[in-house]
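K.L.:
Order-wise, the sequence lines are chains A, B and C. Note that my numbering has the first sequence beginning at 1, numbered continuously upward. Note that my numbering has the second sequence beginning at 284, numbered continuously upward. Note that my numbering has the third sequence beginning at 751, numbered continuously upward.
Mixed in with the good hints, there may be bad ones.
Result set (SDA-like, lysine to any residue): computed pairs, CA atoms no more than 20 Å apart in a straight line [claimed, not checked]:
| id | chain 1 | residue 1 | chain 2 | residue 2 |
| --- | --- | --- | --- | --- |
| 1 | B | Lys746 | C | Met858 |
| 2 | A | Lys223 | B | Lys645 |
| 3 | C | Lys807 | B | Met748 |
| 4 | A | Lys223 | B | Gln391 |
Bear in mind the hints are in silico, worked out from the structure with no lab data behind them.
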Amino acid sequence: MGSSRRVRPVQALLMHLLIAVIIIWCLAPFYWTVITSLKQANAIYYSPTTYLPNPVDLASWIKVVNLPRFQGALLNSTIIASSVTVVSLTLGSLCAYAIARLRFPGKNIVLALVLAVSMFPGIAIISPLYLQFRDWELINNKLALILPGVTFTLPVCIWTLTAFFRDLPRELEEAAYVDGASRIQTFTQVIGPLAAPGVFTTAILLFIASWNEFLFARTFMSKVEELTAPVAVAQFEGADIAAVTPWGEISAAAIATTIPLVILVLVFQRRIVAGLTAGAVKG
Amino acid sequence: MDGEGVPGMTRRRQFAWLSAVVGGAAAVACGGEEAAKPAAPAAKAEPTKAPEPTKAAVAPAAPTAAPAPAAAPVKITWFAGRDLTGFSVKQVEEFNKQAGGKITLDYQEQGQQTSDLRDKFILVANAKDPSADVVSMDVPFVPEFAAAGWTLDAEKVLFGDDRTKFYKGTLDGATYLGKLFAVPWYNNGPGLYYRKDLVEQGGFKGPPKSYDELLEQAKKLRTADIQGFSAQMSQTEGGIITWFEYLWGHGGDLMDEKLEVTLDKGTAGVDSFKRLLAFMYTDKILPEGALGYKTGADAQNPFIEGKSVFLRQWTSGLTQNDRDDSKIKGKWDVVPLPSLKGDKAGAGCLGTWNLGTSKFSKNPDQSGEVIRWFTSQAQQKARYLAMGVPPCRPAVFDDAEVKAKYAFADKLKVTFESLKPRPVTPFYGQMSANVIQPVFGKVTTRAVTPEEGIKEMADGMRKIMKG
Amino acid sequence: MNAVPAQHPSRPAFRKLSTQEFLEARFALTLIVPAVLAITLVAFYPLAHAFWLSLWKINLRFANTPWVFLGFGNYLDTLTDDPRWLNALRVTGTIAVSSLTAEFILGMVFALVMNRAFRGRGLVRVAVLIPWALTTVVSARMWQVIYHATYGVFNRLLFDLGIIEAYKPWIISPIFTIWAMVWADVWKTTPFVALLLTAGMQMIPGELYEAAAIDGATAWDRFWRITFPLLRPTLLVAMLFRMIDVFRMLDLPIVLTGGGPGQATETLSLYTYRVIFTDLKFGAGSALAVMTFLVILCMAFVFIKVLGAPVAGSEAEDR
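Next up, chain A with everything else stripped away, as it sits in the complex (with noise of 0.2 Å):
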């Protein structure tokens, strides 16, 4: 709203108040989260429990961070988020490109497949995509969440890159054409170095989504070896095989989890928010 306005002191302090109530809802359980990784093993099954890490005490962390199949599962999901976001990207601008800037019959059909897409519920096709899978032998294969990983963040890859494509200026492409630039060329040398914010923010929005996919991994891996992160954060037992449930250990896996997140929201947090509302937000 209008911010020229004049504000009274007690506004100020409410508004402060707010904007304080706010972060401290976002990060309580995060903190929370951490401070019960840092615990003492028996620390943690103090009851009532204690609001601070006294000692503050690393094992937790130590002992994850040194777990072969945890760090197997955050190569596994690095690998995967990875591919998922270049094919993705590959086939999506593609299409957003057409999209946005070509004329051609049955546009609205694709978007409504791009639509529906974006609406299906996984549990929808996970029985066909299993028994298919397990007769090509994909099953703990990394492409068997690869593939479906590529089509389900395929409508917000299109969405977001239409948006950012037709925000570009439509004078250089035709001055390209005016020059006799062919229609690849004028994608790939005029449109592509313009898109490059576009499409790198595009990537980190698609990252984020496939590092979090959670239901056909579960369901297509289940070798210990071939789990990802999200996948061994549910399941975790622990490190070495303790007489109780491992909250501190859970916590710790839980962070590293989110970890490479957290950096991506730390440095990019202006591309993602652009990235995020472009997409979904039609003016």
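Chain A is fixed; fit chains B and C onto it per the hints.
P.N.:
Structure of chains B and C alone, referenced to chain A:
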């Protein structure tokens, strides 16, 4: 075999290559089996020098190594449940050392709860995925997996004289339609753990023998800081077993021998639920937090911390009471579960774990070797000595070393003769997951009354039995 | 996006030659084929396949059980005699209504705050993005630790504040569990809603507010007369997608509560998943899955066609 997840062609080529190697190894292993047989009597003759004959059991595969220089060890993956003792890992190391490069055993725990392992194996077996070779099986898995055709029979893994060396109950639990589908690996039954010091201080003559005595003592001995009783009450297989034991104690059962559902006949079902609910909500000897004890170890934790007077726990947990950070070293003891009237030991649930072979294993013979090694007298004894996980072979209890270490060995030997199995039907797993556990959860959290719960449970079980 | 002026049919470079149009269309289709193919092969074909499976009785639990053709038998069974499905429907509906209500009220408050210029906007943006970026499974694990019956900080906090007299097993209670789960869901998704609403608010021209201020409208009036109506399209889109998300919800209950106690938090997706992969009833499970999809389709129809949510592709784009 393909730990790096080699995609597509490479992987298939690898399989072909492997199966050729494996085929050769299997042929040798079959010959090796004959060689292993004479070795078994040797084990009998000198039970104390146990490790040697077992080495012999693995050794026959050895000759393959020399002629086939590049022969990579056959990798056997073991789908295991959660081992609370940590001994399996050590035992696997020992096995790999003894197997001398012929077999590499890869031990993979599949999650915290029994159902995690079951869910996981179901996925793998359905995918006809060879990534599991040996699979650990709770008693109810045996008929379930066998009926589904997911496991190989174990007729050739355990044969002849060797069969007489096991508790009959454990073998029955590993048999489906007259065929052995797994080999009993370790035994488990419940006990009532209690604090000797506290019971004595309270002026009681001994630990409780009946449910009422348990309630009376727990009520008297609990303090603001120490809970009276601890038991796994979560909506899990372990939780429903806690209840089964009270159900049996009240003279009821889930099904009769003809597999007709009898749960809603008589009042045992309702009575047993009411007793547990009273423990938790009226008399408050069992904290509501027990609803969150997902494993037996979660239930045992307060006991080890010195914060519970009584505990219903598997005997496999006994040695945990003396672990380094335990606050109750020397202050505890264990007796059979209490019963309704206190005139006899309460019914305990048979909690044997078995080892079987996945039907989709590419190396069934080597898997058999692994199973034979782990279920041998020597290894069951080693496991018992190291971690207190009781054996399926009664002879282990008579072993001098064992007797010297465990004063209660004789007591356990007898207890294990009378453990009660859960219904032996391939439908049990489904009944447990879809009906018994959820309804148990509803009743224990008082979302429904015991009467409603028993009716819902019995109806649901009948529906599943109809298929 | 609206900054790009609509194409004029009279634009000479494209209008003159019909071959030009043909070439453009051909080029466009070439660009589109890979994406459409991926969508068709991995989403629509399996959906058709799922429908085919749903017509059969398929039980993979027993070796060599033949498939039995049932027609719509699986659907009929579910509709007429499946209390568990009704329960799942009720659970999902409860979550949808309560979660969405809370999210949109809170999200609106967040957005109103975030839409103002103030120092430290970056900090707020990061704070808000973190719950959004977190893996649901991870957030479920976090809340599991927080809600723990004996060691949980939630109990400690409420106890210290004098709100409860004794610790409660929040996620093992027929009354509280579903609300505990809704709370965890609201925590994670409110930021997303807030971001979308903020974006929507920024598109509202400031002059409107200034004019209203001159007319002497109160802040309350300005919200209801200007912000809310102009935000309606954004709200509808966001609500539609959040609604769909609830019907897809599986990871939160599977990790946080396991669907329990009893089946108090078993959502439609979780129930379907269990029928397929725990009971191995691929036919009946596929029928449930198809039904879930149909429910979503109906909701989308209502939102887009009846309420007029302007989702990309819901209207002719390039007029």
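K.L.:
Take the hints in turn and mark each one as holding or not.
P.N.:
To see whether the hints hold, each was checked on the structure:
no.	hint	result
1	B/Lys746 x C/Met858	48 Å, violated
2	A/Lys223 x B/Lys645	16 Å, holds
3	C/Lys807 x B/Met748	16 Å, holds
4	A/Lys223 x B/Gln391	9 Å, holds
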